[in-house]
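Turn these sequences into a full structure, and let the hints steer you where they fit.
For what it's worth, the working numbering labels the leading residue of the sequence shown as 1, then goes sequentially.
Think of the hints as simulated: they come from the structure by calculation, not from any bench.
Incorrect hints may have been included.
Okay, the calculated beta carbon distance ranges per label pair [as the list claims (entries may be wrong)]:
id	residue 1	residue 2	range
1	R26	T136	24 to 32 angstroms
2	G132	E24	49 to 57 angstroms
3	A138	R78	27 to 35 angstroms
4	S31	L114	40 to 48 angstroms
We put the CB at the ideal spot given by N, CA and C, even for glycine.
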Amino acid sequence: MINTDPAAYEALRDRFGAPVGVEEARAQWGSLIRAARSGTTTLITRERYEWAALIPLSEVYGLLSGLPVVSLSTARGRLGDLVRQTAGPYDEGPVLLTRHRTPVAALIAAPRLLERPAARRGPDADTLLARGHTITLARGPVDGITAIARDGDGNEVAAGSGRDAATALRSLAH
1 MINTDPAAYE
11 ALRDRFGAPV
21 GVEEARAQWG
31 SLIRAARSGT
41 TTLITRERYE
51 WAALIPLSEV
61 YGLLSGLPVV
71 SLSTARGRLG
81 DLVRQTAGPY
91 DEGPVLLTRH
101 RTPVAALIAA
111 PRLLERPAAR
121 RGPDADTLLA
131 RGHTITLARG
141 PVDGITAIAR
151 DGDGNEVAAG
161 SGRDAATALR
171 SLAH
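Have a look at this one:
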């Protein structure tokens with residue numbers, strides 16, 4: 001369901017700056033994608049309460065497999081629809097944006113950014129290994145890398161993914 005609480009949108013504006021409209025985002029699409037790849041989050045709005053966030057791939061928690069995938073060129077043309085889709089009432093998680101089938105950024109419902117923890121939620125890869133866990137790296141289904149940490153009994157204790165091994169290992173703690 002779309003969040004219609006004005007305080008949530010004020011908090012987003014305070015944290016990430018004013019949103020850009022869909023048409024402005026289309027006009028600046030290349031620079032917005034480069035900014036996302038460099039770690040910048042951009043808010044994009046379609047209507048008063050339809051806000052999406054263009055986020056770096058490193059900010060997508062968990063495994064990337066199974067998430068909807070849209071090419072950058074298609075996303076630019078369908079940006080208004082994608083903002084509406086991610087904002088809700090559908091809000092089923094991130095939509096990965098790809099270049100040559102490789103994920104480079106994602107769109108999520110902007111209010112989800114307010115739910116994010118300020119600090120890491122779990123131990124990093126070094127701590128997991130020090131505790132006796134095993135970490136397996138594998139190529140993901142969309143050319144990314146998946147990292148899965150398991151305890152001595154084979155139970156999954158953490159999972160992450162990213163465009164390379166270092167990013168996948170860092171994402172284990174999220």
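Given the hint of 27 to 35 angstroms, is the C-beta distance from A138 to R78 inside that range or not?
holds, 31 angstroms
Pairwise beta carbon distance, G132 to E24, judged against the given window 49 to 57 angstroms
holds, 51 angstroms
Status of the given 24 to 32 angstroms range, CB of T136 versus CB of R26:
violated, 40 angstroms
Taking the Cβ atom of S31 and the Cβ atom of L114, is their distance within the range 40 to 48 angstroms?
violated, 25 angstroms
The structure fails hints 1 and 4 (numbered hints given earlier, in ascending order).
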